[in-house]
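Protein chains in written order, with the numbering used here: chain A, 3 to 272; chain B, 3 to 414.
Don't read these hints as lab results, they were simulated from the structure.
Keep in mind it's a predicted model, so treat the numbers as computed, not measured.
All C-beta atoms, glycine included, are put in the ideal place defined by N, C-alpha and C.
Hints are not guaranteed to be accurate.
[As the list claims (entries may be wrong)] Here are the simulated DSS-like cross-link-like pairs (lysine-lysine), alpha carbons at most 25 angstroms apart as the crow flies:
hint: 1; chain 1: A; residue 1: LYS197; chain 2: A; residue 2: LYS14
hint: 2; chain 1: A; residue 1: LYS240; chain 2: B; residue 2: LYS177
hint: 3; chain 1: B; residue 1: LYS149; chain 2: B; residue 2: LYS177
hint: 4; chain 1: B; residue 1: LYS310; chain 2: A; residue 2: LYS75
hint: 5; chain 1: B; residue 1: LYS286; chain 2: B; residue 2: LYS310
hint: 6; chain 1: B; residue 1: LYS387; chain 2: B; residue 2: LYS233
hint: 7; chain 1: B; residue 1: LYS149; chain 2: B; residue 2: LYS163
hint: 8; chain 1: A; residue 1: LYS75; chain 2: B; residue 2: LYS286
hint: 9; chain 1: B; residue 1: LYS286; chain 2: B; residue 2: LYS163
[Stated by the list, open to error] A few chain B residues that don't get close to chain A, going by computed Cβ distances all over 10 angstroms:
hint: 10; residue: ASN16
hint: 11; residue: ARG82
hint: 12; residue: HIS170
hint: 13; residue: GLY241
Residue strings, one per chain:
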Amino acid sequence: MSRIQTRFAALKKEGRGALIPYLQACDPDYDTSLELLRAMPAAGADLIEIGVPFSDPSADGPTIQAAALRGLKAGATLGLVLQMVRAFRETDNETPIVLMGYLNPIDSYGPAEFCFDAAQAGVDGIIVVDMPTEEADLLDAHAREAGLDIISLVAPTTSNSRLFHVLRDATGFVYYVSITGITGTNSASAADLEKALPRIREATDLPVAIGFGISTPEQARTASRIGDAAVVASALIKTMAGTLEDGHATERTVPAVLLQLEALAAAVRA
Amino acid sequence: MTNTSSSQPSPLSNSLRSGPDDRGRFGIFGGRFVAETLMPLLFELDEAYRAAQADPAFREELDYYLKDYVGRPSPLWFARHLTEELGGAKVYFKREELNHTGSHKLNNVMGQILVARRMGKTRIVAETGAGQHGVATATVCALFGLKCTIYMGATDVERQKPNVFRMHLLGAEVKPVTAGAGTLKDAMNEAMRDWVANVADTYFLVGTVAGPHPYPEMVRDFQSVIGVEVKEQITQAEGRLPDVIVAAIGGGSNAMGIFHPFLDDASVRLIGVEAAGHGLDSGKTAASISRGRPGVLHGNRTYLLQDKHGQIEEAHSISAGLDYPGIGPEHSWLNDIGRAEYVGVTDDEALEAFQVCTRTEGIIPALECAHGLAHVMKIAPTMAKNQIIVLNVSGRGDKDIFTVAHHLGVKL
Ligand SMILES: Cc1ncc(COP(=O)(O)O)c(C=O)c1O
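All chains, full assembly: derive it from the sequences and hints.
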């Protein structure tokens with residue numbers, strides 16, 4: 003079983019959903035983001051999503067755009083992100099790591115080389131925002147060979163028949179983009195989620211993670227119960243950004259994010 | 003809803019004009035690289051566009067607006083004085099600057115707005131660089147009473163003030179984008195963000211032959227009226243096809259529009275002129291084909307200016323309409339198969355051509371097509387006097403007089 007399968011199976015036994023925090027690699031610098039990454043599991047992260055900085059994050063709101071820019075300024079490259087995962091794996095071989103980003107850096111790295119190197123580094127899954135099912139043949143075979151899950155995204159605009167098409171060969175888990183919009187802006191209501199999830203579960207047996215617009219512990223709890231996992235990104239990054247001075251980390255940076263993560267985790271476990 | 007494009011196989015199977023394929027690809031270029039949220043909308047748009055194409059009433063309606071509102075056909079002008087000054091090939095101008103709103107942009111906008119209306123959309127968003135596409139979009143929104151939001155890079159808002167004012171007068175909301183260098187690429191990102199957040203009522207009116215399928219095909223089709231007219235007009239004037247067609251490239255819509263009807267006429271050389279900015283090797287250019295490599299941005303695979311890690315680089319050009327690090331996917335394909343050539347012209351060369359055109363022909367060209375003219379000025383003298391060049395004069399230069407004055411050291 004993959005790390006992702008193992009983790010979701012264990013949580014199912016525990017009878018709760020997962021909390022998936024997100025951090026942008028190298029935001030605000032390599033060392034700080036690695037420190038944060040390493041501390042996240044103890045603070046309650048069940049899986050972790052690492053954002054790969056891209057110059058043109060067209061599906062992201064202002065908060066993640068700014069984080070990507072800080073990451074790039076700090077020298078983030080796809081290679082460096084993999085190095086960060088390798089460093090994380092020295093001390094944690096269980097927490098699943100999923101990279102989230104845009105296609106061009108992967109395309110530039112080379113799809114086959116990337117899938118191989120990512121799996122070697124200890125990455126478990128990848129979410130490529132601008133690679134819909136129709137274009138996924140670019141990575142599919144390489145990812146399968148490397149044992150890397152390509153996490154399928156579905157949205158409120160995805161019709162019932164299309165859900166079956168998109169999720170036919172899906173692996174790992176399914177990522178439900180719960181609003182029609184960009185990251186860190188609106189939130190879906192519990193009623194919206196209650197309506198959407200049965201549609202998705204019709205089409206797949208995989209765990210469903212809910213993301214986009216989840217910021218409070220209450221929202222995280224709701225999403226992790228209606229779905230199987232809650233992804234929290236912009237809210238954590240906002241907190242981190244608030245601790246920076248001239249774009250640089252301060253001694254408050256890591257503790258502030260971890261404190262918020264603990265509150266989210268407590269809600270998900272309550 | 004279908005999961006594959008319903009584009010019919012072309013009857014011209016040996017033709018270079020039959021692309022894109024079912025996946026929206028021209029060779030390896032094009033495609034639909036967008037977030038899942040937008041995929042159903044692309045299928046919906048594809049369906050609506052095919053239905054419009056198959057409906058004679060749509061063609062009739064479009065022809066009506068093109069004739070009485072846009073002012074088509076645009077003339078083909080023999081530039082006698084310029085030809086004499088250059089002392090070589092005969093130079094003709096396709097006068098797209100005479101269209102309503104002053105550029106070729108309205109050809110595409112007119113077509114798309116009719117599609118959007120058929121789809122029942124009530125709000126339009128668009129990106130703009132020079133502001134010409136924004137003005138054209140704001141214009142049809144005024145005409146049809148639709149809400150209109152235009153995203154424009156903050157740098158471009160600054161250097162294209164007259165167009166910003168025009169858009170305001172036309173009732174559009176202009177949102178300056180401060181991300182990145184504040185130019186066309188950033189405006190495109192922001193327009194896509196708006197679209198994804200407002201999918202229910204909003205139509206994204208893309209201004210060039212880029213973006214996810216079916217936009218590159220649809221915009222090309224609507225702009226092809228340029229080349230179709232040129233073919234007729236030059237045959238009437240000269241009894242034959244031109245030897246060379248030249249057009250400036252931002253995203254590539256005016257070039258695709260004039261090239262496409264000639265793709266199967268092997269005797270016609272097609273030359274796209276990219277903005278070389280400070281020079282092709284200066285690191286400050288917008289020459290995506292000359293200095294870029296294939297990658298994925300804004301929904302399609304195409305040549306892009308990018309660093310070795312796949313981060314997109316800022317483009318540079320004196321001309322806001324050419325200041326884009328990508329190019330339409332069909333151009334990338336035409337380049338790779340060798341059917342069209344792509345060359346670079348610098349800021350300074352374009353400025354010089356801008357003045358030559360104004361002085362010899364009494365036509366103030368947009369800085370965009372001044373790039374095309376600068377290349378014409380290089381090749382015409384090397385050609386025989388009985389040879390023919392057609393330049394697409396894609397827009398008029400009134401919007402650029404402040405930029406030109408600034409570069410000439412004149413205070414307005
Ligand atoms: C007059 C004019 N020509 C050319 C362009 C470049 O666009 P495209 O390459 O799509 O024709 C623009 C873009 O703003 C323009 O305003």
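Evaluated hints:
1. Restraint check for LYS197/A and LYS14/A: satisfied, since their Cα atoms lie roughly 22 angstroms apart, inside the 25 angstroms limit.
2. This hinted pair checks out: LYS240/A and LYS177/B have alpha carbons roughly 24 angstroms apart, not beyond 25 angstroms.
3. Proposed proximity of LYS149/B and LYS177/B is supported: the alpha carbons are some 14 angstroms apart, at most 25 angstroms.
4. Taken as a hint, the LYS310/B and LYS75/A pair is honoured in the structure, with Cα atoms around 15 angstroms apart against an allowance of 25 angstroms.
5. Restraint check for LYS286/B and LYS310/B: satisfied, since their Cα atoms lie roughly 16 angstroms apart, inside the 25 angstroms limit.
6. Straight-line distance between C-alpha atoms of LYS387/B and LYS233/B comes to about 20 angstroms, which keeps the hinted pair within the 25 angstroms bound.
7. Annotation: proposed proximity of LYS149/B to LYS163/B holds, straight-line Cα distance about 21 angstroms (limit 25 angstroms).
8. For the given pair, LYS75/A sits about 20 angstroms from LYS286/B by alpha-carbon distance, which is consistent with the 25 angstroms threshold.
9. Between LYS286/B and LYS163/B, the direct Cα distance comes to roughly 23 angstroms. Compliance with the 25 angstroms bound is thereby established for this hinted pair.
10. The beta carbon of ASN16/B is kept farther than 10 angstroms from every beta carbon of chain A, the shortest such distance being approximately 27 angstroms.
11. Remark: the non-interface label on ARG82/B is consistent with the geometry, its nearest Cβ contact in chain A lying 46 angstroms away (cut-off 10 angstroms).
12. Distance check for HIS170/B against chain A: the nearest CB is about 25 angstroms away, which clears 10 angstroms, and the non-interface claim stands.
13. No beta-carbon of chain A is positioned within 10 angstroms of the beta-carbon of GLY241/B; the least distance is around 47 angstroms.
In summary, the structure agrees with every hint in the numbered list given earlier.
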